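Novice: Listed below, chain by chain, are the residues.
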Amino acid sequence: MTITQNKLLPLLMASGKKTVAMFLRLFPVLLGVLLLSSLIIEMIPTLIAWGALGHGSLIDMLIADAIGSIAAAQPVISYLLAGELQKAGVDLYAVTTFIIAWVTVGIIPLPVEAMMLGWRFAVWRNALAFVMALLVAWLTVVTLHV
Amino acid sequence: MSEHAGKRQGGGRKAYRGWLFLAAVCAFYLLLYWLFPQFGAAGIGRFQTMAVELGPVFLLVFFFLWATELFSGTTRKLAELTSHGSGVKGWAIAIFAGVLSHGPIYPWYPLLQNMREHGMRVALVAAFLYARAIKLPWLPLMAFYFGSAYMVVLTFWILVFAVLHGWLIERLLGESAAPD
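One line per chain: the protein sequences are S and B, in this order.
Position one of the first sequence corresponds to residue 1 (this note's numbering), numbered consecutively onward.
Position one of the second sequence corresponds to residue 1001 (this note's numbering), numbered consecutively onward.
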């Protein structure tokens, strides 16, 4: 029992210290990102109310992609906002782009992703996801109309 | 060993940049609060809600990471299952795990970093992150808003693009892309 305790305690302490160090390194970035996300989420309904969308399919898709990319919140909010967009007459291509970009592109969490997985990875992953949001939206709507 | 020491030094620099980033965001908030007090207050209110929601999640992830540190053999095994020789099984595990993973993205980054250090393929990290776009608990709500056919078709294309996304990332960064 004492032998197990003697081996286990230093192991628990060492792994605990490593985990705490990892979290402390992440903490300020995470806090900053959450503060920025809070502002962005407050801005999105205003952007929609200002008529940022409704200029034609491709431009709408690009704007929806950009708005979705800067959002960082529960996906359920994207469904609610997308539902409102559709009611307001925005076409399904843009609405779908908005939903996809919301969950695949993360401009606000980018500093955290870069810190953990590297800048090259984070930038390329998000850039590709931005382009792919347009493709997935287009393919989804085209498939539905077949 | 020297690689680890280098990583720690790099980690120190990154930590310093993290505090600088937080200071810049706080300064921006102060400016915003001064210029548009209502907007600044709404942002703070939203932040408080998010922080309360995320707190317990982070606590859980902390203990989960601690456990993976303790049982590093399991982490190595998981990383092995998603390493370069993992083939179709590796892709299936990464995508399935991405679909099943839920909650905010932030707690998943340290875990993925840990897995990368143990040999997980960069393609599978990207595929995992893309597959997270499928939110199983929210699918009924999506079907309610946009119809079942829409939900099925969109889910299908996300799965296809999760593979494509991972494959492209690996082509762009190289198979042994290491965090910079």
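It should be emphasised that the hints constitute simulated quantities derived from the structure, not laboratory data.
Values in this document were obtained by computation on a predicted structure and should not be read as measured data.
Incorrect hints may appear among the rest.
What the hints assert, rightly or not - DEER-style ranges, computed between Cβ atoms:
(1) S:Thr143 x B:Val1088: 39 to 49 Å
(2) B:Glu1117 x S:Ser57: 39 to 49 Å
(3) B:Tyr1016 x S:Pro10: 23 to 33 Å
(4) S:Gly16 x B:Leu1100: 41 to 51 Å
(5) S:Val142 x B:Tyr1033: 24 to 34 Å
(6) S:Thr143 x B:Trp1019: 13 to 23 Å
(7) S:Gly16 x B:Gly1147: 42 to 52 Å
(8) S:Val123 x B:Lys1089: 44 to 54 Å
(9) S:Gly16 x B:Gln1038: 36 to 46 Å
(10) S:Val123 x B:Leu1020: 38 to 48 Å
(11) B:Leu1059 x S:Gly89: 26 to 36 Å
We put the CB at the ideal spot given by N, CA and C, even for glycine.
Novice: Taking the CB of valine 123 (chain S) and the CB of lysine 1089 (chain B), does the distance hold inside 44 to 54 Å?
Specialist: With a Cβ separation near 29 Å, valine 123 (chain S) and lysine 1089 (chain B) fall outside 44 to 54 Å, so the hint is violated.
Novice: Quick one: are threonine 143 (chain S) and valine 1088 (chain B) within 39 to 49 Å, going by C-beta?
Specialist: Violated: the Cβ-Cβ distance is about 25 Å, outside 39 to 49 Å.
Novice: Could you check the hint for me, namely that threonine 143 (chain S) and tryptophan 1019 (chain B) are 13 to 23 Å apart, CB to CB?
Specialist: Given a distance of about 48 Å, which is not inside 13 to 23 Å, the answer is violated.
Novice: Range first: 39 to 49 Å. Now tell me if the beta carbons of glutamate 1117 (chain B) and serine 57 (chain S) are that far apart.
Specialist: holds, 44 Å
Novice: May I ask you to test the hint 24 to 34 Å on the CB atoms belonging to valine 142 (chain S) and tyrosine 1033 (chain B)?
Specialist: Because 46 Å falls outside the window, the suggested range is violated.
Novice: In this structure, is the beta-carbon distance linking glycine 16 (chain S) and glutamine 1038 (chain B) contained in 36 to 46 Å?
Specialist: holds, 43 Å
Novice: Is 26 to 36 Å respected by the C-beta to C-beta distance linking leucine 1059 (chain B) and glycine 89 (chain S)?
Specialist: At 44 Å between Cβs, range violated.
Novice: Do the Cβ positions of valine 123 (chain S) and leucine 1020 (chain B) conform to the proposed distance bound of 38 to 48 Å?
Specialist: About 19 Å separates the Cβ atoms of valine 123 (chain S) and leucine 1020 (chain B), which means 38 to 48 Å is violated.
Novice: Taking 42 to 52 Å as the stated bounds, is the beta-carbon spacing between glycine 16 (chain S) and glycine 1147 (chain B) within them?
Specialist: holds, 49 Å
Novice: Taking 23 to 33 Å as the hint, is the beta-carbon distance of tyrosine 1016 (chain B) and proline 10 (chain S) inside that range?
Specialist: With a Cβ separation near 29 Å, tyrosine 1016 (chain B) and proline 10 (chain S) satisfy 23 to 33 Å, so the hint holds.
Novice: Please check whether glycine 16 (chain S) and leucine 1100 (chain B) have a Cβ separation lying inside 41 to 51 Å.
Specialist: Since glycine 16 (chain S) and leucine 1100 (chain B) have Cβ atoms about 27 Å apart, the given range 41 to 51 Å is violated.
Of the hints listed earlier, those the structure fails to meet are numbers 1, 4, 5, 6, 8, 10, 11, in rising order.
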